[in-house]
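Respectively, the protein sequence lines represent chains V and D. Residue numbering for the first sequence follows the working numbering, beginning at 1 and increasing consecutively. Residue numbering for the second sequence follows the working numbering, beginning at 10001 and increasing consecutively.
Hints are supplied without guarantee of correctness; some may be wrong.
Listed next, the in silico EDC-like pairs over lysine to aspartate or glutamate satisfying Cα-Cα at most 20 Å (straight line) [stated by the list, open to error]:
id : chain 1 : residue 1 : chain 2 : residue 2
1  : V       : Lys773    : V       : Glu617
2  : V       : Lys571    : D       : Glu10072
3  : D       : Lys10089  : V       : Glu617
4  : V       : Lys1018   : V       : Asp394
5  : V       : Lys560    : D       : Glu10072
6  : V       : Lys396    : D       : Asp10083
7  : V       : Lys560    : D       : Asp10083
8  : V       : Lys570    : D       : Asp10134
9  : V       : Lys393    : D       : Asp10134
10 : V       : Lys558    : D       : Asp10055
11 : V       : Lys576    : D       : Glu10071
12 : V       : Lys301    : D       : Glu10113
13 : V       : Lys301    : D       : Glu10116
14 : V       : Lys563    : D       : Asp10055
Hint data in this document are derived by calculation from the structure and do not stem from the laboratory.
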Amino acid sequence: MFLQIFSFELKLWLKKPGTYIFFFVFFALSLLVTVVLGGLIGSSPETNVTINSAKAIAETLNGINTDLIGIIILITIIAPAIYKDFQYNMHPLLFTNPITKFGYMFGRFFASFLIALFVITGSAFGHIIGCAIPGIEAERLGGFQLMNYIQPFVVFVIPNTLLVGAIFFSLVTFSRNMISAYVGAIILLVLKGISPILLADIENQDISAMLDPFGDQAFSNATKYWSAEEQNLLSIPVSGTLLYNRLLWVAIAFGISALTFYRFQFSQFNNPVGFSLFRRKKQEIKSIASVPLLSLSDLPKVTQVFNFRFSLFQIWFLAKFEYFKVIKTIFFLIIALLCVLVLTLVSPVSAAIYGTPTLMVTYQVLQISGIIFMIFAPILIVFYSGIVVWREKDSKVDELVGAAPISSWTSFLSKLIGLILMQITLLLIIMFTGICIQLYNEFYNIEVMLYIKDLFGFKLIGLILLCVLSMSMQVIFNQKFVGYFISAILIVVLPILASSMGWTNGLYQFNSSGPRLVYSDMNGFGHQLFSFVIFKSYWISFSMILIIFSNLMWIRGKEKGFKIRLRIAKKSFSTKAKLAMTLSVFSFFLFGGFIFYNTNVLNKNISVKDQEKAQVEFEKKYKRFSKTPQPRIVAANWNVDIYPRRRGVKMNGYYFIKNKTLKPVDSLLVNLYSEINLISMDFPVDRGATLSLDDKENGFRIYTFTKALQPGDSIKVKMSLDYFPKGFKSSDAGTAIVYNGSFFNSSFLPGFGYPEGAELADDSNRKKYGLGKKERMANVNDSLARMNNYISSDSDWIDFECTLSTLKDQIAVAPGYLIKEWEKGNRKYFHYKMDCKILNFYSFLSARYEVKRDKWKNPSARGKDVAIEIYYNKGHEYNIDKMINAIKKSLDYYTKNFSPYQHRQVRILEFPRYATFAQSFPNTIPFSEGIGFIAKVDTTDSESIDYPFYVTAHEVAHQWWAHQVIGGNVQGATVMSESMSQYSALMVMEKEFGKQAMKKFLKYEMNNYLQGRAMEGKKERPLILVENQQYIHYNKGSIIMYALKDYIGEDSLNAALAKYIKKAGYQEPPYTNSLEFLSFIKAATPDSLKYIINDMFETITLYENKTTSCSYTKTKDGKYLVKISIDCKKMKADSLGKMKDVAIGDWIDIGVFGSKEQKGKKTETELYLQKRKIDKNKMEFEILLTEEPVKAGIDPYNKLIDRTPDNNVRSFTDKAPVKDAEGGGTVVIIGG
Amino acid sequence: MNLSIKNLSKTYANGLKALNNINIEIGSGMFGLLGPNGAGKSSLMRTIATLQEADSGTIMLGDMDVLNQKEEVRKVLGYLPQDFGFYPKVSAWDMLNHFAILKGINNPKERKEICEALLNQTNLFDARKRNIGDYSGGMRQRFGIAQALLGNPQLVIVDEPTAGLDPMERNRFHNLLSEIGENIIVILSTHIVEDVRNLCSNMAIMNQGTVLLYGKPNQAIEDMKGKIWMKLIDKEQLTEHKTGFRVISTKVVEGKIQIHVFGNTQPDPSFVPLVADLEDVYFATITN
C-alpha cells in the first residue's frame, strides 16, 4: 500500500514541469553563488579559502536550502501533500478505497520529501558546474571530492528538509490551512535570523547554536577558529554542539511526524468541523419549519449609490474587513508574540561591546527593532500579500465579489490598505515592547517622538513599498506560488546579488533609501532626510505605477491568459487611470532624473570595477614618481572655517616644507582627495614653481620649481582649499562635516609624494589587471621604508598652529592649546597652538558641546599638572566620570612606568556614531558616541567590562605609543602603537578592577584573535611582523603582552619599555622597528624563558592544553592531596594556518582553585598557582593543599593561545581515592 | 428590458469551443437554460455576468452593452455562481451586510431593512448569527440567492442552484425562485429537466456550446407530440436497438430496459406511442 501510493505520487510529481523548474531554480542560484564566490563576477574580498571544501559547500547548499526561496519551494512541494485531497475534494474518492493510514500518510510524505530532495540536488549540481566554469580563480578551487557534497547533504540538507517538511506537512494536514505553513516558515526563518545575533555574545554560544533549526550557527561555531588550511581540508565535524543540534532537530522532525501519524484520522478529514455537526442539524429542522411570509416582490426598496465618495467608504470598509481577517487569527497573535520575544531576547545582547550592554536609549531600542524589519517584515509581507490577494479565490467568493458593482480599484486598494494596517499594528507592538524594555531596564528617558518619527516616518514607508511590490507580483503573475517566488527573488535575492556584483546605485534597488545616515543623538537624522525623501518619492512613484498596473490587471472573473487580461486592462484603462499613470511615470522620471543628477552628475558614482580600473590607471601612470625625492612638511598653520549647515569647510594656510635629502629637489608632487577643491597653491616669489601636471580626476599635481630646492632649504607654501559637498551621493552619506558633530582630520589637506595607499591592494585583482603582487607592508628591515613612519610619508615631527571658526553655538577643537577665543559676526573663532613637535596627524571637530573639566595632579614635584576636558553631547553624562577616572589612572601609570607626558592637557571629544572608534591625536581624543558614552557598566559585577574606561586608557596610552614612539612604515609597526596601547590599558585596568576582571576581557581578546585569523585573506603574520592586522595587533597583542608580563614580571617589562621609549622617542628617520623593540624585551627576559620570545613574537604558536582528570583525597592530617592529569600539545602554524606539532619544554601555569563565601556570593579563590615545567604531552601532578579544592587545571587563566580554552580547567566531581599514577607521567609532590 | 445575445462565440485556450454562435432573446420572467454538464451553460452565464470575455458577438441588456459596459451591468445584476463559497468565520448577517455595501446600498437603515427582509425571506433569519461555513448545502444556496437579490437587480443569474440539494430543499428553493418578480429577467441554468418545467416560461437547450432548441417548454412538448415511442427490451437487445433506432433515453424498469425512441412514425409495432414530456424533448434534442 505504501509503495503504491508512494510510487503513484512520485510519478505524479515527476510529470509536473514544476519539479524541474524548482530543480533549475536551485541549480541556477547555486551556480550564481558559486560563480560570485569564485571571483568570476562581482568582487569578492581576498581570501585563502577554497569554494569547494566541505565547509564551503555546506554553507552554500544549506544557505540556499534554508533561505526564503528554498523554504517557499519546500512549502510548495511538501506542505500540501495531503491537504490537496481536501482542497480538490478528492478525499471521498480516495477514502472509499481500502488504503491504510500508514501507506497513505507516509506514502505521500516520503514521495514529496524525495521530490524535495531531488529538487535540492539542483544546488549541488549548480555548485559542481559553477566550479568547472573556466575563469574561476585556480587558488579558489581545491580538488573535486564527492565526499564534500555528500557530507553536507547528510548533515544538513536531508535533516533540514525532513524537519521543514515534517513541520509544514503536519501543520497543513491538521489545520487544513496553508497559512499555518507560512507562519511555521516565519518562525523557522526568524529563529535562523536571530541565532547569529545571539551568537555574537560569546557567553551564549551554545544556546544559540542549539536554537538554530538548520544547524548553521552550530556549524559556524564549531568551525570558527579553523584556519584557512583547516577550512579547505577538514570535513564537517559532526560532534559537540553541531551533533547535538542535528540530533535535537531531527528528533523534533521525527516527533512531529510520529505525532501527525498518531493523531491523523481519515474521518476527521471527511467532517472538517466535527464540533458544530450537532448544532447544524438542529438548526436545519428549525428552518424547515417556518414558511416565507412575504413575496420577494414586496422586498423593501433600497437606493444604490455609485459615486466616488461611496467608493472610498467601500475601500475603507473592505480594508477594515481585510485587516480584521488578518489580525483576528491565531497566526497573527503568534507573529506578534514572536516580535515581542525577539525584541526582548535580542535587546540585552545586541550592541554589547565586550559583553557590556548599552543603556536602552531610544535609538538603541529602535536599532534593535531594525533587526525585526530586516528578517521579519519581508517574509511576513511576502506571505501575507499572497493570502490577502487570493482570499476571495481561496474561499471561492471571487465570482460573487467579481460580479458586484464595485469599481475595479476598490479591491486592490482595500487589500493594500488592510495589509498596511497590519504593518502599523506591528509597529505599534514594537513601539510598545520597546518602551517596556526601556522601563524594564530602568531607563526612563523615553523619546516617544523619536519612536514615532523612526517607525511611522522612516520605516513605514519602506514597509508600504514592500507591500505594494509583493501584492503587485501576486496580481500580475496571477498564481500564488509564482507570486511568492518572484517577490522573494526581488526582495531577498536581488539585493544580495546586487551588492555582490557591486551595483550600489539606489536607482535600481527597489525601496532604496539613499545614502544611509545612522540616527545619532548628536546629529539626529542629519542631512539624510532630504535624500531619503527624494529616494522614497522615486520609489513611491514607481509603486504608483505598480498599483495602477495591478488595478488594471486585477481579474474579476475566470480569465487567466495574460494576453486576455491585458486586453481587458486596455479596455478599462480609463482617462482618469491614464492621467494617474502619466503623472506617476512623470514623477518617477522626475525624481529618478533628480537622483541621477545628484548621484552621477554632481557627484561621481563609480562602480567598484571602475574604481579598480581607475586605481590601476593611476598606478600605471604615476608609479614612476614613487622614488622622486620630496621635501618634507616641518610646520603647518591653518585657518579652518567650518560651515556645519552647508556641511563644508574653507581651509587657508601654509606649510613650511624642507628638503631633508642630500640632493636638490626640483619638483613637488601634490596629492589630495579629488573632492577637495584646491583653489590656489602659492610659492615664495623668489622660488616660483610651475604646474606641470594637473590630474583633477585623481587629485594629483606636479609642480616644477624654477629653482631647485637645495638640501636643507625650506620654503613656505601657501594654500587655499575648500570642500562643499554638492547634492547627495548614491550610497555614501558623507559624515565628515554634519550639522552637529563634524570630525575630519589632516587627510583633508594636501600631502606630498606618490600616494602608495591609493594602489589596488588585493593581489588577485592586481593579477587580473596585469600588476605584480603587492606586499601589504614593507619588510621589517626595509631601510628605505623606515625613512617614513607608518602614519605619514611626507613629514616627521612638525610645528602646528590653527585658527578654527564655526557656528556661534558650536565649539571647534583642534590639537594644541587654546590661545584665544572670539566672536565675529555670527561665527565663533578659536585659536590653537601646539607648544611641542607633533606628528603630521591632526583633527578638526565642531559640535554643540557641553564641557566637563578636571585636573590630574602630577605626583612628581617637578612634573606638570594635566588639565582634563571632556566635550560631550548634552544628555550623555552617563560615563564621563569613568572616562576622567581612566585618564587620571592612565596618566598615573604611564608617567610612572614609561616616560613623562608631553602635553599639559588631555581632551576627549564626542563625535556622532557614524563611526565607532576612538582615535588619539596629540592631546586630543575624538571618541565615538557609539562606544562608551551610553555604555551601561555594571559596577557591582566585578566581571563586567568597563569599556569606556578601557577605551580611554587605550587612547591615552597612544600619547606614548604612537605620539612618542612611532614605528617606521614596515611590518610590525603597529606593535609599538596598538599592541602596546592594549598592554598599557590592560595594566591600568588590572590596577583598577583587579586580576579577576581581566579574565573576561582576555577571553574576548582570545576569541577575536582566533576568529580573526580564521578569516585572514592574505597571510597571518607573527606578532612582530604584523601588517596592520587588527586581530593580531589588538587581540593577539593583548594576550601576548599580558602573558609576557606574567612571565618576566611587570616591573622588568616596564623598565625595558621605558628604556625603549628613551631610545626611540621623538626620533627622526630612520624610524624604529619591531625588531629593535623586541631586542629590549629580549634583554629583560631571563635565559630560561628566552623561548617565549620566539613562541610569542617571532612565530605563531598555539597550544592544546587540557586537564584530562583531576581528583583529590583527604589526608590523615586534614590536608587535601590533589592529583591532576594534563595533556599538552604545542603547535606552530604557518601563514595559512598549516599546523605542525613541536616539542614542549615550556613553563606553564598549574592551578588549583577553591571557593569562598563572600557577602553571600560564592567567589573563586586561588589555592595554588605555579609555573611548572611541561616537557611531555601527558603529565600528572600531585599537589598538597590545606583547603578544599573545587577546580584545577593547566593554564587556568588562558594566558597561552588555545583554541579550546574551556577544557583547561576541570571541576572535582570524582572524589574517589586516587590510584597510583600509571607510568609515563611525571609525579611531583609539593607541600601546599 | 430584454437580454439579447447575438452571435456569441468563445473558444478556450485549450481549443475547447465553449460557446458557438449563440443567439437568444430573453425577456423578463424566468428563463431556463438546460443542458448536460459541460454544455457551455456556465460559460454563457459567466459571460453574461461580466466575468468572462467573449471572442465575438454581442450581449445587450436593454441598451447596455454587457461586454463593454460591465460596470453598468453589475449595478443591476444578481449572480449566484455554480460553485461558490464564503469567507470562513463570518456570520450570515455580516456577510450579507458586506455584500450590501458592495452593492452600493449606502444608507445603513436601508441596509439593515433589506438584509433582515432577505434573511427572513430565505428563512435564515434565525441562523443569521452563525458562520456561513457551518451552513448546510440548502442554506448556503438560499443565502446565495439572498445575496443575489440585494439591491434592485434587473437581471438575476442562477447557475445550477439545485445541484446536490435534497428534494425538500429543492422545492423550497423553487418556491423562492418563483417569487422573484415577473418584471425582471431570471436566468436559471440546470441539467435537471424538472426545474425548467416547474419554473420557466421560456427555455433553451444547449449542448457542446450550441443552442439546440430555443422556445417555450409547452410549445416544445407540443412539437414533440406523436414522435416518442416506448418499448421494453432485454439487456442483450440494447445494442441492436441502438443501431436500428434513434434511442433517446434508456431506463431500467423491473429488470428490463425501457427505451424511448424518437421517430416521426411508429418504428415498428412493438413500440408503444408515448405522451412526450419535457424530458423527452430534452433527450431528443441533445441526442440529435
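(message) Does aspartate 10134 of chain D sit within 20 Å of lysine 570 of chain V, going by the straight-line distance between their CA atoms?
(response) 41 Å, violated
(request) For the pair we were handed, lysine 301 of chain V and glutamate 10113 of chain D, check the Cα-Cα distance against 20 Å. (result) 9 Å, holds
(message) Need the status of pair lysine 773 of chain V, glutamate 617 of chain V: alpha-carbon distance at most 20 Å?
(response) 16 Å, holds
(request) Sort out whether aspartate 10134 of chain D lies within 20 Å of lysine 393 of chain V, counting only the CA atoms. (result) 19 Å, holds
(message) So if I understand the rule, the pair passes when the alpha-carbon distance is 20 Å or less; does lysine 10089 of chain D with glutamate 617 of chain V pass?
(response) This hinted pair is violated, its Cα atoms lying about 69 Å apart.
(message) Please verify whether lysine 560 of chain V and glutamate 10072 of chain D have alpha carbons no more than 20 Å apart.
(response) Answer violated: lysine 560 of chain V to glutamate 10072 of chain D is near 23 Å, above 20 Å.
(request) For the pair we were handed, lysine 560 of chain V and aspartate 10083 of chain D, check the Cα-Cα distance against 20 Å. (result) Holds - the C-alpha atoms of aspartate 10083 of chain D and lysine 560 of chain V are around 18 Å apart, at most 20 Å.
(request) Below or equal to 20 Å on CA atoms is what counts here, so check lysine 563 of chain V against aspartate 10055 of chain D. (result) 13 Å, holds
(request) Given the hint that lysine 571 of chain V pairs with glutamate 10072 of chain D, test it: the Cα-Cα distance must not exceed 20 Å. (result) Holds, at roughly 14 Å.
(message) With the threshold set at 20 Å, check whether the alpha-carbon distance from lysine 1018 of chain V to aspartate 394 of chain V stays at or below it.
(response) 56 Å, violated
(message) Hint check: lysine 396 of chain V vs aspartate 10083 of chain D, CA-CA at most 20 Å. Holds or violated?
(response) At roughly 7 Å apart (the allowed maximum being 20 Å), aspartate 10083 of chain D and lysine 396 of chain V satisfy the hint.
(request) Compare the distance between the alpha carbons of lysine 558 of chain V and aspartate 10055 of chain D with 20 Å, and conclude whether the hinted pair is satisfied. (result) Holds - the C-alpha atoms of aspartate 10055 of chain D and lysine 558 of chain V are around 14 Å apart, at most 20 Å.
Hint violations for this structure: numbers 3, 4, 5, 8, all remaining hints satisfied.
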